[in-house]
Structure formats: C-alpha cells, structure tokens
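K.L.:
Each chain, letter by letter, is given below.
4 protein chains.
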Amino acid sequence: MAGFTQLFVPGPTNVPETVRQAMNMPMEDMRAPTYPTFTRGLFEDINKIFRNESGRTFIFPSSGTGAWESAITNTLNPGDRVLMARFGQFSHLWVDMAERLGLDVDVVDVEWGTGVPVEIFADRLAKDKEHRIKAVFVTQNETATGVTSDVAGVRAALDAAKHPALLYVDGVSSVGSIDFRQTEWGVDLAVSGSQKGFMLPPGLGFLSVSQKALDVAKDTTRNNRSNRCYFSFEDMIKANDTGFFPYTPAVQLLRGLRASIDLLLEEGLDNVFQRHARLAEGVRRAVAAWDLKLCAKEPKWYSDTVSAVVVPEGIDSANIVRTAFENYQTSLGGGLSKVAGKVFRIGHLGWVNEVMMCGALSAAEMTLLDCGVKVKPGSGVGAALEYYRESRQPAIAKAA
Amino acid sequence: MAGFTQLFVPGPTNVPETVRQAMNMPMEDMRAPTYPTFTRGLFEDINKIFRNESGRTFIFPSSGTGAWESAITNTLNPGDRVLMARFGQFSHLWVDMAERLGLDVDVVDVEWGTGVPVEIFADRLAKDKEHRIKAVFVTQNETATGVTSDVAGVRAALDAAKHPALLYVDGVSSVGSIDFRQTEWGVDLAVSGSQKGFMLPPGLGFLSVSQKALDVAKDTTRNNRSNRCYFSFEDMIKANDTGFFPYTPAVQLLRGLRASIDLLLEEGLDNVFQRHARLAEGVRRAVAAWDLKLCAKEPKWYSDTVSAVVVPEGIDSANIVRTAFENYQTSLGGGLSKVAGKVFRIGHLGWVNEVMMCGALSAAEMTLLDCGVKVKPGSGVGAALEYYRESRQPAIAKAA
Amino acid sequence: MAGFTQLFVPGPTNVPETVRQAMNMPMEDMRAPTYPTFTRGLFEDINKIFRNESGRTFIFPSSGTGAWESAITNTLNPGDRVLMARFGQFSHLWVDMAERLGLDVDVVDVEWGTGVPVEIFADRLAKDKEHRIKAVFVTQNETATGVTSDVAGVRAALDAAKHPALLYVDGVSSVGSIDFRQTEWGVDLAVSGSQKGFMLPPGLGFLSVSQKALDVAKDTTRNNRSNRCYFSFEDMIKANDTGFFPYTPAVQLLRGLRASIDLLLEEGLDNVFQRHARLAEGVRRAVAAWDLKLCAKEPKWYSDTVSAVVVPEGIDSANIVRTAFENYQTSLGGGLSKVAGKVFRIGHLGWVNEVMMCGALSAAEMTLLDCGVKVKPGSGVGAALEYYRESRQPAIAKAA
Amino acid sequence: MAGFTQLFVPGPTNVPETVRQAMNMPMEDMRAPTYPTFTRGLFEDINKIFRNESGRTFIFPSSGTGAWESAITNTLNPGDRVLMARFGQFSHLWVDMAERLGLDVDVVDVEWGTGVPVEIFADRLAKDKEHRIKAVFVTQNETATGVTSDVAGVRAALDAAKHPALLYVDGVSSVGSIDFRQTEWGVDLAVSGSQKGFMLPPGLGFLSVSQKALDVAKDTTRNNRSNRCYFSFEDMIKANDTGFFPYTPAVQLLRGLRASIDLLLEEGLDNVFQRHARLAEGVRRAVAAWDLKLCAKEPKWYSDTVSAVVVPEGIDSANIVRTAFENYQTSLGGGLSKVAGKVFRIGHLGWVNEVMMCGALSAAEMTLLDCGVKVKPGSGVGAALEYYRESRQPAIAKAA
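First to last, the sequence lines map onto chains A, B, C and D. Residues in the first sequence are numbered consecutively from 1, following full-length UniProt numbering. Residues in the second sequence are numbered consecutively from 1, following full-length UniProt numbering. Residues in the third sequence are numbered consecutively from 1, following full-length UniProt numbering. Residues in the fourth sequence are numbered consecutively from 1, following full-length UniProt numbering.
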C-alpha cells in the first residue's frame with residue numbers, strides 16, 4: 001500500500017515531528033548527574049498541563065490504566081465506598097477495576113451517550129451525611145461514546161454537600177486537549193496517558209495529585225500498603241524529590257514528553273482547546289450533512305476529542321472500520337462493548353489540523369459509500385471545510 | 001501551527017516511512033570492503049526503474065539539473081546542433097542550459113499547455129538529410145504546466161527518418177511515476193532526480209544511458225573533454241565498475257534509494273503507474289467540478305504526476321499558494337515564468353494515496369474560497385472521492 | 001561537549017541502529033486488523049529468548065519492577081512463605097517488594113559479592129516437609145555486585161527435595177545476555193526488562209511463565225484477586241489470545257522489540273552468550289592489570305554482563321562515576337546501598353563489541369588516574385585488547 | 001556483527017546526534033514562503049565558519065569535487081596559467097582537474113609527506129612580473145598523507161610579490177576543524193564539503209568566495225561562460241539573493257547543516273580547533289609509542305585532522321584496513337595512490353572526543369598485532385590516554 005497511513009483513532013494519536021525527532025536518540029543513563037536538571041523541569045511543566053498548582057504529577061512507565069490503579073491503591077482501602085457512573089466502555093472498565101481492587105462501588109448506570117449524572121451525584125452526596133463515600137469518580141471524556149462530562153459540576157455538588165470525598169478524574173482522552181483545571185476544580189487525582197493529548201507513543205501513565213490526596217496517601221492509618229509497590233506514591237516521591245525514579249523510567253518517552261509539553265505550552269493551552277473545539281465542530285457538521293447521528297445524545301455531551309457516529313440500521317460499524325483500513329489505509333475507531341457494531345469513531349485530538357480532518361472525513365465518506373450507507377459524495381467533507389474556513393481566525397488577528 | 005504540514009508540490013515529494021528509517025543512520029565509510037556489494041545491487045536495480053536493459057545509470061550527488069549537464073557535456077560538443085521544444089519553465093531551462101553550454105539549439109516554441117510537437121520534430125528530422133542534428137531532446141513531463149509528451153512518438157519519428165541522432169529525455173518528474181521504457185523506446189540519455197518519483201529528499205541526480213550513448217561518450221574524436229570533470233562518464237564508469245565512486249557519494253541518500261527502489265519494485269512499476277493515473281484522474285475530476293480548467297490543453301497532454309490549474313481572471317495564483325501555506329499548512333506549486341500568477345499546481349506523484357489527495361483537494365478548495373474563487377464546498381473533493389471509490393480495484397481482485 | 005556520549009552502565013544499554021530505525025516510526029493503531037499478525041510473531045519469538053517451550057511471555061508497559069510485581073501478585077497470596085537470598089541492591093529490592101506485598105519471606109542474607117547459597121536453599125527445602133514454602137526466588141544476575149547465581153543448581157535442589165515450590169528468577173540483567181533456559185531449568189516465572197540484553201529503551205517488562213505457573217494463577221482457590229489489575233495474567237491472556245492487549249501497549253517499543261529479537265536470533269543465542277563471556281573476560285583482565293579486585297568474591301560468581309570493581313581505600317567510587325561523566329562523557333555505574341562509594345560498575349552487556357569495551361576501559365583508566373588511583377596508563381586496556389585479539393574466532397572458522 | 005561500527009576515516013565523519021535528529025524530517029517545500037528566513041540565516045552563519053567577512057559562500061548539492069570545479073570554471077579560462085603543488089592524492093586530483101578543464105598548470109611536485117613549498121611558490125610569484133599566473137592553489141590539508149600546509153605563508157608570498165593572482169584553497173578536510181581565516185589570509189576561493197569538519201553526511205559542496213573573486217567571476221571579458229551551468233555563480237547568486245536556489249537544493253542536508261553550524265558556533269571555533277589539536281597529539285603519541293612513523297615528514301606538516309601512519313616493510317597497509325573492518329568493525333583509511341599499501345590513516349576530525357580516539361587506537365593496536373606488527377599491547381592507547389588526561393582543561397577553568 002502506498003502513501004501514508006492515516007491515524008484517526010481516539011488514541012494513540014499522531015506524533016508531532018519534533019517529538020519524533022526528540023525520541024530519535026541514543027540510549028542515555030537515567031542516573032547521570034545531569035539527569036535531575038532535565039526531570040525537574042519536566043515535573044514542573046507537566047503540572048502546568050494539568051493546571052495543578054500545588055500538588056505533583058507522577059509519571060509511570062505504564063499505560064493510563066496503571067495510573068488508574070495507582071490512584072486507587074494509594075488513597076483507598078478495600079471496602080471503601082466510592083461513587084461512580086457507567087456510560088461507556090472506559091467508565092465501565094474503571095468501575096470494573098475499582099470492584100476488583102475491592103472497593104465498594106456505588107455504580108450509577110446511565111444511558112450510553114450521556115455522561116456523569118451530576119444531579120444524581122449531588123443527591124447521593126447530600127444524603128451521605130456520614131461521609132461513607134470516600135471518593136467520587138468522573139470519566140471526563142468517555143472515549144467509547146464521545147461524551148464529555150461536567151467535572152466542575154461534580155465539584156460544585158461536593159461543595160454544596162460540604163462533602164470531603166476525594167474527586168478522581170479519568171482525563172486520559174481529555175487532558176491537554178479540552179479544558180481541565182485541576183486546582184480550580186478541586187480535582188484530587190487526575191489520570192492521563194501519553195498517547196492522546198500528549199501526542200506521544202503509549203507507554204507513560206500520568207497521575208496528577210492534589211496536596212490533599214498526597215496527605216491522604218501518607219496517612220498510614222487510612223490505606224493499606226500491602227497492595228502496591230510498582231505504583232506506590234511514597235517510592236516515587238522519595239526518588240522524584242532527588243530528580244530520579246525508583247526504577248528505570250522510560251527515558252526515550254521522557255525526552256519525547258519534554259518536546260510535546262513544549263509544543264503545548266508554545267501553542268498555549270487555551271489555543272489548543274479552541275483548536276480542538278473547532279476541528280470537532282467541523283466533524284459534527286460533516287456527520288449532520290451525512291444525515292447521521294452522534295452517539296452523544298445532546299450537544300452538552302459532545303466531546304471535542306472524539307466523535308462516535310451511529311451507523312444506520314443494517315450496517316455493521318465493524319465493517320466500516322475494517323473497510324477504511326483495507327481500502328483507504330485509514331484507522332478509525334470501532335464500537336466497543338454495548339455499542340459494538342453500532343458506532344464508529346473519529347478521533348480529532350492531538351496533533352491534528354483542518355486538512356488532516358478533511359482527509360479523515362473523506363476516508364470516512366468513501367468508506368460509508370463502500371459499505372452501503374447512502375451519503376452524498378463530498379457532503380460531509382464539504383460541510384466541514386466550509387466551517388473550517390469560515391471559522392478560521394483572520395490572519396490579522398493572529399498577527400495581533 | 002499544529003498538525004502535519006501537507007506537501008503537494010510536484011517535488012520534492014513525500015518520503016515513505018521505510019525510506020526515512022533507512023536514512024536514519026550513523027555515518028558509514030563508502031570505501032568499506034562491503035560497500036560494493038551494496039552499490040552493485042543498487043546499480044542493477046535502478047536500471048529496472050528506467051527499464052534500461054543494456055546500458056547503465058549514473059548516480060550523481062547533484063540535482064537533476066546536474067544530470068542534464070552531464071548528459072550534454074559527455075556526449076555533445078559546443079556547436080553541435082540539437083532539436084528541442086519549449087513549452088514550459090523546465091523545457092525552457094533545458095534549452096537555456098543547452099545554449100549556455102554552446103550547443104546550436106533548434107528550438108521549436110509551442111504553446112504552453114501543449115507538449116513536444118511530434119509532427120514538427122518528424123518533419124525536421126526527415127529534412128535533415130545530412131544529419132546535422134546530433135540530438136533530440138524531449139521533456140517527458142513538463143512540471144510547470146502538467147503536460148506529458150509522447151516519447152515513443154519521437155522515437156518513431158527518428159526511426160521513420162532513419163535518423164541517428166541521440167534521444168535525450170528529461171524524466172525528472174516522470175520516471176518511476178508514469179510509463180517510461182528506456183530500451184524499448186530507444187532513449188539514449190534519461191535524466192531524473194531523487195525527489196520526485198523516487199520519493200527521496202533531493203540530492204541525487206540520475207542519468208540512465210544507453211549503450212549507444214556510452215559508446216558516443218567514449219569516442220574522443222567526438223566530444224570535448226575540456227568542459228567537464230565532476231559529471232564525467234569516464235571517471236564514474238571506472239569507479240562504479242569496482243563498486244565505488246570517483247568522489248564521496250551521498251551515502252545517506254544511497255541507503256534511502258535502496259529502500260525506495262525496493263518499494264517501487266515491490267508495488268510493481270505497472271501498478272505504480274496505474275496508481276498515479278488513478279489519483280491524477282481524481283484530481284482532474286475535482287478541477288472539472290470546480291468549473292476550472294487545466295493548463296494542459298487537451299486530454300492527450302494531461303500529466304499523471306502534476307496538474308496545473310488555471311485560476312479565473314482577476315485571481316492571482318501566487319496568492320492561492322501563499323494562502324494554502326499560511327492558512328492550511330499545505331504546500332501547493334505556483335505558476336512559473338509565463339504562467340506565473342495564472343496557474344497553481346497540485347503534485348500527485350510519489351508516495352501518495354487517495355486520502356492524501358482528498359486532503360490536498362480539501363486544502364485547495366478552502367483556499368480557492370478564501371481567495372474569492374466561487375467553488376461549491378465539497379464539490380471538488382466529492383467528485384474525486386466518488387471516482388476513487390468507484391475505480392478502486394475490488395479487494396477480491398487484489399487477493400487474486 | 002563534543003563526540004558521542006559513551007554508555008557503559010549495566011542498563012539501559014546501547015540501542016542497535018536497526019532497533020533505533022524500527023522505532024523511528026509514525027504512530028500506529030494497536031487495534032488495526034493487521035496488528036495480531038505482528039503480535040503473534042512477537043509472542044512466539046520472545047519465548048525463544050527465554051527458552052520457554054511450553055508457557056507464555058507477558059509483555060507489560062512497565063519496567064522490570066512491574067514484572068516482579070506481576071509474578072508475585074498473580075501466583076502468591078499475602079501470607080505465603082517464600083525463600084529468598086539477599087546479596088545486593090536488586091535482590092534486596094525484590095525482598096522488600098515481597099515483604100511489602102505481604103509475603104512471609106524467609107530471607108537468607110549472604111555476603112555481597114556472593115550469590116544464591118544453593119546449599120542453604122537445598123537444606124531449607126529438604127527440611128520443609130510440609131511444603132510451606134510456596135516459592136523460591138533467585139536473582140540470576142545481581143546487577144549491583146556483578147554476581148551470577150546458579151539457577152540450575154536451585155532447580156536441582158528443588159528436585160532433590162521433591163519440593164513443589166514455584167521457581168522465580170529475576171533475569172533482568174541476564175536474559176538475552178547469558179545462558180538462561182526456562183523450560184530445561186524448570187523456571188516458573190522469569191522476569192526481564194527491555195533495557196538490558198534486549199537492547200531497547202526502558203519501558204517494557206517481560207514475564208515469562210511456565211505452564212505450571214499459569215495453572216497456579218488460574219486457580220482461584222489459591223490466590224487473592226483483590227490486589228492486582230494492571231498486572232493481571234487473566235486480562236493479558238484473554239487479550240493476547242486475540243493478538244491484542246487489555247490496554248494500550250507501548251507500540252513503539254514493540255516495533256523495537258521485533259528488531260531486537262531479530263538481531264538476537266540472527267546472531268544466535270549461544271553466540272550472544274559467548275560474545276558476552278569474552279567481552280567480560282577482557283574487562284576482568286583489565287581489572288587484574290590495574291591490580292584492583294572485583295566485588296564478586298570468586299570466579300564462580302563472576303557476571304558476564306556487569307563487573308563491579310572495588311576501589312582502593314580512601315577513594316570514593318561516586319567520584320569516579322562523576323568524573324568519568326564530566327571529564328570523558330562516559331556513563332559508568334556507581335555503587336548502590338551497602339557498596340555505595342566502594343565499587344564502580346562497568347556494564348558489558350547488550351549491543352557491545354571489543355572496541356566499545358576498549359573505549360570504556362580507556363575512560364575508566366583515565367578516570368582512575370584523575371581520581372588518584374595509581375594504575376599504569378594502558379595497562380588495563382592493553383590487557384583487554386590482547387585478550388580480545390587472541391580469543392577472536394579465526395575468520396576462517398566464521399566462514400565455515 | 002554486534003555493537004556499533006566505529007568510523008575513523010578522515011571523512012565521512014561521525015554525525016552528531018542533534019544533526020541526525022534534525023535530518024529525521026518529513027520532506028518540505030524549498031519554495032515555501034518561510035524558506036528564505038531559514039536560508040538567510042544559513043548563508044550568514046556558514047560565512048562565520050570560513051571566517052569570510054565580506055564575500056559569500058555557495059552551497060551546492062555536490063561533493064567537494066564539485067566545489068573545486070565551480071571555483072575553477074567561474075573564475076578562470078582554459079589556457080589560464082595557475083600555480084599548484086602536488087604531494088598527495090587529493091592535491092594530485094585537483095591538478096588533474098585543472099588540467100582537464102584546460103588550465104595551464106605549473107605543477108610543483110614535492111615529496112609526499114611534505115606540503116605546499118612556500119619558498120618555491122614565493123620564488124615563482126616574484127619572477128612572474130607579467131602576472132601570467134592567474135591563480136595559486138593550496139591544498140590546506142592533504143588528506144592522503146596527513147599534511148597541513150601554510151596558507152598564510154602563501155598569502156605572504158603573494159603580498160611580498162605584490163602579485164594579483166587569486167588564492168584558491170582546498171579546505172575540504174580542514175575548514176571547521178583547524179584554523180582557517182578566509183578574509184584575514186586573503187583567500188579568494190575556499191572549497192569544503194559537508195562530510196568532514198561539518199559533521200554531515202556527504203552531499204553538500206561549499207565554496208566560500210571573496211568579494212574580489214566574485215568581481216572576477218562577474219567580469220564577462222575574463223571568463224568563459226560556455227563551460228558551466230550547474231556550478232555557475234551567477235545563477236546561484238541570483239537565486240540565493242531571494243533566499244532560494246536555482247535548482248532543488250538538498251533540503252534534508254541543509255537542515256542538518258543548520259544543526260552542525262549551531263554546534264560549531266556553540267563550542268566556539270577556537271575551542272573546536274584546540275580540541276582537534278589535542279586529540280591529534282594523542283594519536284601521534286600513540287604512533288610514537290608503537291615505534292612507527294607518520295607519513296608527514298616533520299612536525300610542521302602534522303595534520304590535526306588525520307594521521308597517516310607508515311607501516312613497517314613487509315606489511316601491507318591495505319591488509320590493516322581490511323582486518324580492522326572485518327575483525328573489529330572499525331573503518332580506518334587506507335593508503336592511496338603512491339602510498340597505497342604503505343600507510344593507513346586514522347581520521348580524528350569532526351564529532352570526536354578522547355574516548356572515541358582511545359577506541360580507534362585500541363582497534364588499530366589489535367589490528368597491527370593481528371597483521372604481524374610487533375607493538376606492545378596497550379602502549380599506543382596508553383600513551384594517548386595519558387596525554388589526554390594530562391592535557392585536559394581543568395573543570396574549574398571550563399566553569400570560568
């Protein structure tokens with residue numbers, strides 16, 4: 001197959017050239033005397049991406065799943081009651097992990113295509129006068145359905161109930177792409193991974209922790225130390241404080257991380273968020289022009305990092321994903337679990353721009369036609385490009 | 001600017017990943033004992049790309065312009081009469097070089113947008129009973145106007161006139177992308193460069209030479225040795241015959257060349273040509289859907305490697321190129337010389353596929369709209385993608 | 001600082017060029033339809049490196065420490081009795097992890113510079129008639145002291161005692177560099193990581209598991225599921241069986257792993273081991289020529305992957321490591337824990353050859369002199385190179 | 001073969017990692033609106049490496065041989081008398097080129113192992129009252145014999161004779177490595193290439209030209225335009241003045257050039273020269289310790305970029321080069337032409353440091369022994385490393 005393969009899954013995302021260059025390196029000694037100078041800058045700047053102003057961010061050689069586990073095992077004990085909502089494959093997996101790690105999970109199941117039910121959470125918290133609930137979990141962006149939840153709303157519910165539970169956020173497919181404000185929103189443990197908004201290959205799990213959660217983790221009366229070691233806060237803190245790691249870190253990815261954080265800070269986080277919002281809106285216009293629906297039920301749930309498109313009755317979305325790959329060298333995301341066969345997903349996060357999205361939409365359009373979905377050729381990509389050009393910042397504004 | 005820059009100039013072209021990987025190398029000694037094993041395979045296989053069955057191909061550290069100069073200075077003398085046609089910036093530059101190198105150039109100027117006038121050539125050759133014409137030059141693909149000429153037709157004209165002149169072909173933007181048959185068509189000197197169909201960075205000039213031309217070059221009574229050294233055949237032959245080079249070769253590009261020739265041979269040259277034809281036709285359908293015209297006057301001149309699109313009166317094509325770059329990170333080709341301001345060019349050669357071309361057309365469409373050309377959003381890219389999917393080889397056929 | 005930095009720590013090790021090229025890649029979708037073809041080959045071939053003939057190898061996005069944890073948490077329960085020896089920083093850390101994960105560790109402390117006390121182990125196993133000991137842990141190569149232990153001897157002790165305990169081996173700095181035979185030696189869980197003999201950047205933890213251990217892990221009556229998720233066998237088995245992973249794998253490193261396994265298999269494991277033995281012996285000759293001692297007490301403990309050199313009284317080995325780095329851009333390993341300040345380490349594993357080791361020894365020699373150790377200039381490197389050339393396989397033998 | 005290949009030929013030289021990273025790039029359009037910003041900085045900074053304060057430097061996609069040809073064909077006519085000395089393969093090749101390009105070459109042959117005979121040159125210039133000599137050629141560093149000539153001395157001779165001849169310098173293996181001062185020494189045309197002191201892959205030829213020579217080139221009454229086109233100054237000037245090139249430049253190498261010039265300027269040219277002098281002296285001490293002689297006859301001729309070592313009677317230096325490559329993966333330089341079989345060469349220029357040179361000397365030492373030269377193991381490398389550590393700048397001085 002000739003030409004570049006096109007990657008539009010909602011992670012791993014495309015790696016920017018400067019990041020790729022930074023990772024094209026000979027091996028280095030992560031105990032070299034100069035290494036702490038490098039790591040300290042990294043620890044400082046990754047906090048900026050999470051907008052974590054007082055705590056610290058752990059960088060694990062792991063996937064985001066590992067960071068989930070670290071969040072739980074360092075701050076909660078088996079038997080602890082936690083409040084979670086389930087509305088997609090990734091919120092489901094987090095519930096599953098919490099249960100397997102022995103937590104007493106109060107799961108609120110809501111329709112896939114919606115997100116965290118803030119009112120229900122508010123109600124449960126208000127009623128929990130004894131503060132049995134130790135933690136509230138929010139999947140900020142459900143990658144499986146393209147749904148974004150209201151983290152600030154959950155914080156408001158906690159505050160309204162004067163509830164001391166810790167707030168956990170899965171930001172794997174949101175941090176660095178859509179608005180996230182750890183300190184302002186009072187998020188205690190925010191999880192992310194290298195392969196989404198951070199535009200790196202997979203292999204790093206990030207866990208950004210508030211001072212409050214760090215204090216909880218230190219409280220040996222409160223949590224069980226017998227179930228962690230690799231993901232332990234105390235080991236990581238002790239080593240990080242000297243600029244090193246408790247075991248060999250993924251040094252190549254750390255060099256890439258430096259380059260990717262530089263890109264994010266240089267573009268400016270707010271500009272990054274605006275870019276994602278604009279690219280996402282173009283995709284949504286294409287979906288509308290195709291006369292298809294998103295899995296997300298209402299505009300308030302629309303995700304600016306991934307759109308899950310519902311295929312018509314009689315069409316298997318798995319066939320769409322396979323056809324896009326085989327006929328057009330384009331990787332789209334499939335439907336997972338409950339929505340398997342029913343949706344396909346277009347990732348629009350990370351190192352993307354208008355022309356790349358037009359390519360993705362063109363591939364999707366050819367594929368839909370190949371698979372028997374009657375869409376008008378050019379309708380979707382035309383709607384998107386028309387939006388992109390109209391919504392472009394005028395050059396004069398850029399210069400200002 | 002975020003996201004990948006899009007490259008759709010008619011050279012340099014996109015570099016395939018395996019080629020890029022092959023060039024990501026530590027430096028090596030081009031006099032190592034094992035080097036000839038590498039170079040001999042390369043010399044053998046590059047001939048296959050030119051379909052040169054009996055001669056040899058020189059690989060110069062130079063651009064294609066250097067290979068032009070080598071072709072002239074090794075086989076012709078100042079004062080020699082040569083027949084050339086001029087119908088675009090690159091055929092113009094070759095004429096200019098021939099004149100500056102002292103040849104007596106019989107230039108046939110034809111309208112830009114047409115190509116080599118085979119009938120006129122046939123006439124001149126037929127009338128040249130004394131064989132004063134030593135060489136006939138053909139620009140197979142005029143990159144400035146998107147016009148492909150009929151090399152086989154010129155050969156037929158030579159044969160019909162029983163004329164012994166050597167046949168020179170500028171194949172810079174054609175070899176490895178559209179049909180070229182050195183031995184079958186009796187081409188004596190075929191010039192190309194690394195940065196077009198060979199999908200490499202610029203830096204190598206190729207000159208594929210027939211046995212007849214090699215004999216002419218050896219004939220010291222016939223050509224002046226005082227005007228060349230760097231581009232000399234004899235030095236190159238002597239060194240190449242031992243597997244080495246007369247001066248330091250561009251070793252990194254040679255490793256890339258190995259990888260790019262492997263890709264071409266693996267896909268199969270005829271499949272490569274068919275891919276180019278199909279991608280080009282999609283672009284032409286887009287141009288038609290925009291209600292614009294190609295610079296190429298008739299279908300017989302249409303190039304499958306580059307399309308030059310004429311902009312409407314009152315529009316400056318230079319603005320289109322600049323706008324595509326600034327607003328959409330997309331490099332298109334501008335108009336050169338006589339057609340400056342009047343055409344913009346879309347390269348569709350090398351490591352390209354359907355989705356990449358849809359991206360290019362989307363960028364062009366947004367840009368046309370930004371520059372005041374009234375095209376219907378989605379019309380061009382829609383026409384192209386509809387063609388691409390209809391003309392796709394069915395998967396079943398591929399498997400067979 | 002000019003020139004290449006020299007890396008001679010006992011991991012991370014130098015990355016071969018073909019591995020580096022393989023990792024110079026655009027991002028890819030690890031759920032692509034073609035991905036299982038790639039992963040299945042990898043799963044099959046990594047078993048060959050461990051010489052695991054009937055079980056399977058898990059590849060975690062983690063360091064080797066993560067694979068340690070996976071080994072323990074999938075096959076043992078808090079409270080289970082295990083037999084371990086401690087004689088260096090890495091065997092110490094494994095003991096520490098086992099204790100923190102709640103195991104009842106029977107630690108045999110032996111002198112640093114020696115290794116697993118096979119006789120003591122044999123004695124304990126023979127006396128454990130009730131089979132309270134569930135597992136025996138062996139650090140095959142103690143990276144901190146340059147000591148290799150006798151895994152086959154421990155297996156023999158288990159067999160002699162007809163003891164059913166599982167055998168765990170830390171092969172982080174041995175597998176792929178020195179002889180290791182999982183199935184033949186009856187090793188149940190062998191841990192390794194990407195950044196040593198596998199010659200990759202850090203970021204992958206390997207856990208090669210025997211069928212017996214897989215059965216134990218499946219036995220839900222036997223082990224506690226509440227303390228793992230990320231490192232769970234069952235999740236990994238279920239996903240791997242389809243060619244995928246339970247969470248996003250480190251795709252870039254997996255491509256590198258493919259290339260590194262290819263290198264190991266192409267050289268032949270036995271040749272790889274012989275190369276390591278020969279390079280190590282040269283280093284030991286240099287140490288002898290310097291009139292210094294190894295930390296390893298006797299030849300039977302000598303490691304072929306790393307040599308820990310004891311510095312004379314009054315010399316701080318940390319100063320040696322820092323001086324080598326600052327003055328000669330050379331990374332050597334320092335002394336850890338009990339031997340901090342007392343030894344420096346030269347790694348001689350992975351992608352190394354004679355000339356590289358001579359460079360390392362030259363750097364060490366300059367550094368020793370700079371730090372006040374009286375060694376004769378050229379003595380160590382001279383002894384090594386003399387050995388290297390004498391012990392070289394004659395070219396004729398190679399050709400045969 | 002395992003481990004890194006060692007490259008110690010006097011070019012191509014080792015490519016620094018940052019240069020390699022810079023060349024790991026997708027293709028780019030060399031006509032992009034932003035390109036001139038990049039090229040202008042490059043044109044300005046490359047002058048600094050030549051210490052050309054008023055003229056300009058041309059960057060050709062060619063080897064240094066091409067820059068030789070450009071120097072001659074733009075400023076001299078066939079028949080012009082030039083003064084040259086011959087004392088090695090590269091000075092020989094330049095003479096050969098001058099003759100083949102039709103110059104009337106007054107060749108002074110001196111013993112190989114010596115350099116430009118300044119006194120003889122002074123004498124010829126003084127006697128040339130009619131100024132028939134149009135140009136004086138100096139090979140600053142004869143790469144074949146490891147001899148550096150006195151450029152400033154030749155300038156003094158020209159000045160003493162008040163002779164207007166242009167001064168041409170072959171600085172291929174000297175510029176960027178040893179002292180060169182174009183403007184101060186009144187050098188008119190200085191040739192270099194990318195693959196030596198510039199630490200790049202081969203593929204760029206540099207020609208740094210004084211204002212005086214630029215004026216000569218413009219004087220159409222003085223030089224014949226019919227023998228050049230590719231290497232023409234006027235085309236290059238016209239295009240470079242707009243930030244572009246007359247034909248496709250080697251864009252990947254230009255990005256590498258930016259990185260390599262940055263490295264040179266960051267280290268500081270004088271520091272670079274001092275580093276080369278020091279590394280070279282270590283190699284010479286090794287040669288002395290081996291009881292071997294350099295090809296260079298006297299210290300005043302010693303080159304700081306390459307040492308040609310004379311092998312004892314009865315030893316074939318070609319065998320040494322082959323043995324080093326086959327047995328130790330080390331590329332050394334062989335003897336060329338008159339000194340074929342008699343010398344082998346160690347390159348010590350570009351991206352090199354002490355440890356790398358100790359590796360090279362170790363490889364040479366093993367090879368000499370393998371080939372029957374009786375040297376004491378460790379003697380050469382020991383002498384070198386002793387010198388390196390003694391001559392090291394104290395860290396405190398560096399900090400100052």
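Watch out, some of these pointers could steer you wrong.
A pair holds if it fits inside one copy or across any two, identical chains being indistinguishable in the list.
Stated by the list, open to error - Think about it this way: if two alpha-carbon atoms lie no more than 30 Å apart in a straight line, the pair counts; the simulated BS3-like pairs of lysine-lysine are:
id, residue 1, residue 2
1, 376, 48
2, 129, 162
3, 48, 338
4, 218, 297
5, 342, 238
6, 338, 238
7, 48, 162
None of these hints come from the bench; they were simulated from the model.
K.L.:
With identical chains treated as interchangeable, where does the CA-CA distance between residue 376 and residue 48 reach 30 Å or less: within a copy, between copies, both, or neither?
P.N.:
neither (44 Å within a copy, 43 Å between copies)
K.L.:
Should residue 48 paired with residue 338 be assigned to within, between, both, or neither, using CA atoms and 30 Å as the limit?
P.N.:
Neither: 36 Å inside a copy, 39 Å across copies.
K.L.:
One pair to classify: residue 218 and residue 297, alpha carbons no more than 30 Å apart. Within, between, both, or neither?
P.N.:
neither (42 Å within a copy, 41 Å between copies)
K.L.:
Could you figure out if residue 342 and residue 238 sit no more than 30 Å apart (CA to CA) within one copy, between two copies, both or neither?
P.N.:
between (48 Å within a copy, 23 Å between copies)
K.L.:
As a check of your reading, is residue 129 near residue 162 (CA-CA no more than 30 Å) within one copy, between copies, both or neither?
P.N.:
For residue 129 and residue 162, the Cα distance is within 30 Å only inside one copy (9 Å; across copies 59 Å).
K.L.:
Is it within, between, both, or neither for residue 48 and residue 162, if the alpha carbons may be no more than 30 Å apart?
P.N.:
within (28 Å within a copy, 58 Å between copies)
K.L.:
Go through the copies and call it for residue 338 and residue 238: within, between, both or neither, with a Cα cutoff of 30 Å.
P.N.:
between (43 Å within a copy, 19 Å between copies)
The earlier numbered hints that this structure contradicts are 1, 3 and 4.
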